[in-house]
Amino acid sequence: MKTKEEIAHNWLPRYTGTPTGMLGEYILLTNFSSAVRSFAERFDVPILGQDRPMQTATNKEGLSIINYGIGSPNAALIMDLLIARNPKGVLFLGKCGGLKESTEIGHFVLPIAAIRGDGTSNDYFPPEVPALPSFKLHKFVSDKILARGQEYRTGVVYTTNRRVWEWDEDFRERLKLLSALAIDMETATIFIVGHKNSIPRGALLLVSDVPVVPEGVKTEASDRIVSERYADLHLDIGIEAMMHIGEEGEAIKHFRYEDA
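Numbering-wise, the numbering used here puts 207 at position 207 of the sequence shown, and it's gapless, one number per residue.
In case anyone wonders, no lab produced these hints; they're calculated from the structure. Computed from a predicted model, the values in this text were never measured in an experiment. Take the hints with a grain of salt, since some may be wrong.
[To be verified] Quick list of simulated restraints, FRET-style, between CB atoms: (1) E169 x E104: 19 to 29 Å; (2) H244 x K100: 44 to 54 Å; (3) D143 x D123: 18 to 28 Å; (4) D143 x K2: 14 to 24 Å; (5) F43 x A221: 38 to 48 Å; (6) K176 x E25: 33 to 43 Å; (7) K2 x L233: 37 to 47 Å.
We put the CB at the ideal spot given by N, CA and C, even for glycine.
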């Protein structure tokens, strides 16, 4: 295998246990196996790849969900492998930590950009290249959020490779200087690798904790409560947006920005 495309065609089924042709034209990305189970139960479809690093399910309408794991390297991996499918749109359904008073637990965040603190994205573009979603995809997701009577916040998300940072006062002070709305581990990576591979992409994040104060740091118990209250709605909005965007939405390819 000499080309990126050859590798992707070979590795996508290897990592997911799913033949490339079985994946839909629109993709939901998650790092929670529970979301894949909920999707599969909702549409009465099988989960593939349960013995592989990534699991998938695809409904009859051509929408797939993929649990790619956790962290920016895995996010980059799936966004690279998806060139074998060349999807028309990818939406990341992730959780994030709120960094502002306006980002309360249970709020949705539709980021306008992400700060590239992940490191992984530097292998794709120089640090000066901004990590941006596909505007028209986000516009359509926004419409679906509002149609359900939900509020959302928009702003810049900081993406980091660090998972255990909540104790680090210097890191927390740096987050204040960056004026980010929220923090996560994958959004910037998905935006940058999507840009590199000409894949329209977006992110709908759920605020699951407020880690800049000690009492706001996520625990197993608090995360379980957030999932019980908001996970179904999060998935509902993602499914509705990505199932209908092909029929109702504007074309989501930008004219020049998508050119890698």
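Each hint tested on the structure:
Under the hint 19 to 29 Å, the C-beta atoms of E169 and E104, about 23 Å apart, fit the expected range. For the pair H244 and K100, the beta carbons lie near 31 Å from each other, so the given range of 44 to 54 Å is not met. For the pair D143 and D123, the beta carbons lie near 34 Å from each other, so the given range of 18 to 28 Å is not met. A C-beta distance of roughly 43 Å is found between D143 and K2, which places it outside the suggested range of 14 to 24 Å.
Here the CB-CB span from F43 to A221 is close to 31 Å, at odds with the stated 38 to 48 Å. Judged by the Cβ atoms, the range 33 to 43 Å given for K176 and E25 holds: they are separated by roughly 41 Å. Distance hint check: the CB atoms of K2 and L233 are about 45 Å apart, consistent with the given range 37 to 47 Å.
Violation of the numbered hints given earlier is confined to hints 2, 3, 4, 5; the remaining hints are satisfied by the structure.
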